[in-house]
Amino acid sequence: MSLRFPYLQVAMGRPIVSLGGKAHRPRPVIGVAIMGPAGTIPYDGLLDIGSDDVLFPEAVAALIGIDLTNAPQGTASAFGYGAISVRYAEATLRIADNQERREWRAWVSFAPVVRRYALLGYAGFLQYFTATGK
Amino acid sequence: MSEKSRPDRKIYVENRAKFLPEDLLPYASQWVVWSADGSRIVAHHSDLAEAARQVESLGLEREDVIFDHLPPEGEVTTLL
Chain A
349 MSLRFPYLQV AMGRPIVSLG GKAHRPRPVI GVAIMGPAGT IPYDGLLDIG SDDVLFPEAV
409 AALIGIDLTN APQGTASAFG YGAISVRYAE ATLRIADNQE RREWRAWVSF APVVRRYALL
469 GYAGFLQYFT ATGK
Chain B
29 MSEKSRPDRK IYVENRAKFL PEDLLPYASQ WVVWSADGSR IVAHHSDLAE AARQVESLGL
89 EREDVIFDHL PPEGEVTTLL
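Going down the list, the protein sequences come from chains A and B. Numbering-wise (this note's numbering), the first sequence opens with residue 349 and increments by one. Numbering-wise (this note's numbering), the second sequence opens with residue 29 and increments by one.
It should be emphasised that the hints constitute simulated quantities derived from the structure, not laboratory data. Be aware that a few hints might be false.
Here are the computed lysine to aspartate or glutamate pairs in the EDC-like style, where the Cα-Cα straight-line distance is at most 20 Å [said to hold, decoys possible]:
| # | chain 1 | residue 1 | chain 2 | residue 2 |
| --- | --- | --- | --- | --- |
| 1 | A | K370 | B | D65 |
| 2 | B | K46 | B | E101 |
| 3 | B | K38 | B | D65 |
| 4 | A | K370 | B | E42 |
| 5 | B | K46 | B | D65 |
| 6 | A | K370 | B | D92 |
| 7 | B | K46 | B | D36 |
| 8 | A | K482 | B | D51 |
| 9 | B | K38 | B | D92 |
| 10 | B | K38 | B | E91 |
| 11 | B | K38 | A | E406 |
| 12 | A | K482 | A | D445 |
| 13 | B | K38 | A | E448 |
| 14 | A | K482 | A | D396 |
Chain B stretches covered by chain A per the calculated footprint, using a threshold of three residues with CB under 8 Å from any CB of chain A [said to hold, decoys possible]:
| # | region |
| --- | --- |
| 15 | 34 to 43 |
| 16 | 68 to 74 |
| 17 | 82 to 95 |
Here the structure is a predicted model, which is why all the values come from computation and not from measurement. Note that CB positions come from ideal geometry on N, CA and C, so glycine has one too.
For reference, chain A alone in the conformation it holds in the complex:
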């Protein structure tokens, strides 16, 4: 079985030159729920084959009860932010379409900056799937 998701269609309000004048940008953004000891947050995540890890904002960790105080740390390079410090913690991720759902434990990186979407990169996410897009 396959999980299928439509591209998020983001209205730009004007013709997009690089798309031949179309008004919407299709983005591979899917719904992903991140779960911790204090709850669940449904979020929009960008499927990003160029990202090494899964990345969420630190504020999300706090809200779902993940304590990052003594979490393993790392450095990531995020476009627009340069080098940023991230902290890692295990969380449960869940995706679902109308037919099926998948839920698993993953190491997630949390950053003090908030990007447009959560990043769903290789470690913790794409490593478990064969992703195709069109």
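Given chain A, put chain B in place with the hints provided.
Relative to chain A, chain B alone:
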């Protein structure tokens, strides 16, 4: 809301596509909480915890909605 009762993602996508950048500009730099069908913004605040509290005060569960954060410039025109 269970995943089974959550609206089809296609409906969410269709409804979200109706929001123009100027519609979202008032929410720049804020956490925005979308209804599960993407048709409306049910809560917004610069602090995520406060946005979540607003959701609860509406009698909704977190799983009934989708959390989002808009950058300072509002909906970005190009992701690179």
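Taking the hints in turn, this is what the structure says about them:
no.	hint	result
1	A:K370 - B:D65	violated, 24 Å
2	B:K46 - B:E101	holds, 19 Å
3	B:K38 - B:D65	holds, 9 Å
4	A:K370 - B:E42	holds, 16 Å
5	B:K46 - B:D65	holds, 12 Å
6	A:K370 - B:D92	violated, 32 Å
7	B:K46 - B:D36	holds, 16 Å
8	A:K482 - B:D51	violated, 28 Å
9	B:K38 - B:D92	holds, 16 Å
10	B:K38 - B:E91	holds, 18 Å
11	B:K38 - A:E406	violated, 29 Å
12	A:K482 - A:D445	holds, 17 Å
13	B:K38 - A:E448	holds, 15 Å
14	A:K482 - A:D396	holds, 14 Å
15	34 to 43	holds (count 7)
16	68 to 74	violated (count 0)
17	82 to 95	holds (count 5)
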